[in-house]
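Please take these sequences and the hints and turn them into a complete structure.
Protein chains in written order, with the working numbering: chain V, 1 to 267; chain H, 1 to 262.
Do not rely on the hints blindly, as some may be mistaken.
To be verified - Label-pair distances were calculated between CB atoms; the ranges are:
| hint | chain 1 | residue 1 | chain 2 | residue 2 | range |
| --- | --- | --- | --- | --- | --- |
| 1 | H | K174 | V | L153 | 39 to 45 Å |
| 2 | H | D236 | V | T173 | 39 to 45 Å |
| 3 | H | Q103 | V | V150 | 43 to 49 Å |
Said to hold, decoys possible - Think about it this way: if two alpha-carbon atoms lie no more than 20 Å apart in a straight line, the pair counts; the simulated DMTMM-like pairs of lysine to aspartate or glutamate are:
| hint | chain 1 | residue 1 | chain 2 | residue 2 |
| --- | --- | --- | --- | --- |
| 4 | V | K3 | H | E118 |
| 5 | V | K3 | H | D122 |
| 6 | V | K252 | H | E88 |
| 7 | V | K261 | H | E33 |
| 8 | V | K260 | H | E88 |
| 9 | V | K261 | H | E75 |
| 10 | H | K73 | V | E93 |
| 11 | V | K260 | H | E75 |
| 12 | H | K12 | V | E259 |
What the hints assert, rightly or not - One side of the interface only, derived from the structure: several residues of chain V facing chain H at Cβ under 10 Å:
| hint | residue |
| --- | --- |
| 13 | Y4 |
| 14 | S6 |
| 15 | M14 |
| 16 | L94 |
| 17 | G99 |
Derived from the structure by calculation, the hints contain no laboratory data.
Even for Gly, the Cβ is constructed at its ideal location relative to N, Cα and C.
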Amino acid sequence: MNKYLSFFRLRFIMGLQYRAAALAGIVTQFIWGFMEILVFRAFYTANKAAFPMTFTAMTSYIWLQQAFLAFFMAWFMEEEIFDAIINGNIAYELCRPIGIYEMWFSRSVSNRLSRAVLRCSPILIVAVYLPRAYRLSAPKGWLEFVMFIVTMLLGLLVTVAFCMLIYILSFFTISPQGLRILFLSCSEFFSGGVIPLPFFPDRIRAVMELQPFASMQNVPLRIYSGDITGDQMIKAVLMQIFWLCVLIGVGKQICRSVEKKIAVQGG
Amino acid sequence: MIIMENVCKSYKVVKRNAGFKEACKTLFRRDYETIHALSEVSFTIADGEMVGYIGPNGAGKSSTIKILSGILKPESGTCHINGLVPWENRIRHVRDIGVVFGQRTQLWWDVPVIDSFELLKDIYSIPSEIYQSNMEDLTRLLDLREFLKTPARQLSLGQRMRCEIAASLLHSPKILFLDEPTIGLDAVSKLAVREFILRLNEIHKTTVILTTHDMQDIEALTRRILLIGKGKILMDGTLADIKSGNSSIDETVAELYRSYDV
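What follows is the structure in C-alpha cells.
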C-alpha cells in the first residue's frame, strides 16, 4: 500500500513544483467553462423544450467537468511511460519488485488525483459564487452527493484502466502516436466530453450508454444534478463496475504476455 | 550463485537501404536479418566474486546482463541465480539485485534525488532503519550530500551516475549488475565510483558483475575476466592471463580481440 501512496506523494510534489503550469491550466479551464456555458445558453434560449437537461443541471455538469478534468481526460497520459517504452528505460521498470500493471495503474491514478486536488478548488469556489443562472448549484440531495463521489472515483478507475490498455498496446506498436490519436478522438466524443450524452438522439444514446466511455465522466456528472436517478443510477454504477473489471482483466492478460516477450533494444 | 548454461538469444532486425524508394518498399515487404546475440553462453559466478565482462561492441554483453536481470528471456539454455530462474520469477528475483544501466536513468527527472530515493524505499519495502543506515553510508561514500535535494535534471553526469549507483543499492542487493557505470564520467568521479564498489564488495560481500569498455575499471576492480565475442564466451580467466610485456591495457585488449577475430 505504501508504494502506491508514495507515487501519489511524488506526483503531488511534482505538481506543486510547476506552479505556472497549474495556473495556466486553471485559467484555461475557466475560459473553457465559460465558453461552453455560453454556447449551451444560446441553444437553451433558442428552444427550451428541446433541451434534454435542466439548465442548472447543465451548468453544474460543465463546472464539475472542468474542476475534475484531470480525472477524466483520457488523452492525458503519462509521457514518462511512453518515453520509457520508446527509449528503453522500461528496463529499469522491469527491475522493480512490483508488477508493471500495478505500478503504472497506481502512477496514473496518483497523477490524475494529485492534479485534480491541486486544481479543483479555485474553479469550484468561483463557480459556486457566480450569478444564479451560470453557477455550480448544490447537489440534489445527500444521496446524490455521496453517489457522485463514489461514481467519480469509479469513473477515474475506468479511465485509468482504459489508458492502461493504450500503454500496453504501445509495447506492440512501439510508437504510441497512432493509438493515441485514435482513442483520443473516440474517448472525448463517446464519454460526453464534447456534448453531454443526453443530447444525443434517443436510440443512439441507448447504445452509447453501454460502452466503456460512458462509464467515465458521464455518470458522476449527471448523478450530481439528479439527471440520473433511482434505478437508472444503480444500472449506471453496475455498468461502471462491469467495465472496470473487463478493462482491468483484459489489460492484465495482455500485460502478462507482454512481459514474457519484451525485448529491450540497445546495449 | 549465478549459473548460466548454454544460453542462446537471437534478435530479428529489419534491414533497409537508404532512400525514398526503399522506404516505400518496406511498406509491403520487410527484410529481416537474424542477429545471434548469444550462442551457448555458459559460466558460473560464486557469491562475493567481482567479475569483469568484456568484449567488443555488439558482442552480447548487454544481452547477457538483461537475461541475468530477468528482463529478457533467452531462446534456449538455463540460468539460475540463487536458485531462481530470473525471467520466470521476475519479481522475487529483482528484489535481491541491483542494476545500473549506464545509458539509462532510473531517477525521476523533475524532482529532487531524495524523492526518488524515498519512492524506491517504498517500492522495495525497505525497513526504515536499514534505509536510513544505507542512505548514510551511500551519501558519505559517494559524496552525495550536496545535491540530494537537487532535481535530477540539474545534475551533471558524474553527479547523476553517483546517485544512480546509490539508488540501485538502497535495498542492499546481494548481486549488483553494472552495465557501463562509468561512461562519460570524469577522472575524479571514476575513482570515487571504483573506490566505492571495492568497499562494497569488501564489507557486504556483494557479487559484482561489471560490463565496461574502460579497462582501468577492470584493472582496479576485478580479478576474473569473462571475454565475450560474437555471442560466444572466448575466455574465462584473470587479467594476468591476458597481460603481456609493457603494452598498455587497451593495446593488450585490442590485440586480444584481434587474436580471437572478433
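Of all the hints given earlier, name the ones this structure violates by number, lowest first.
Violated hints: none at all, because every hint is consistent with the structure.
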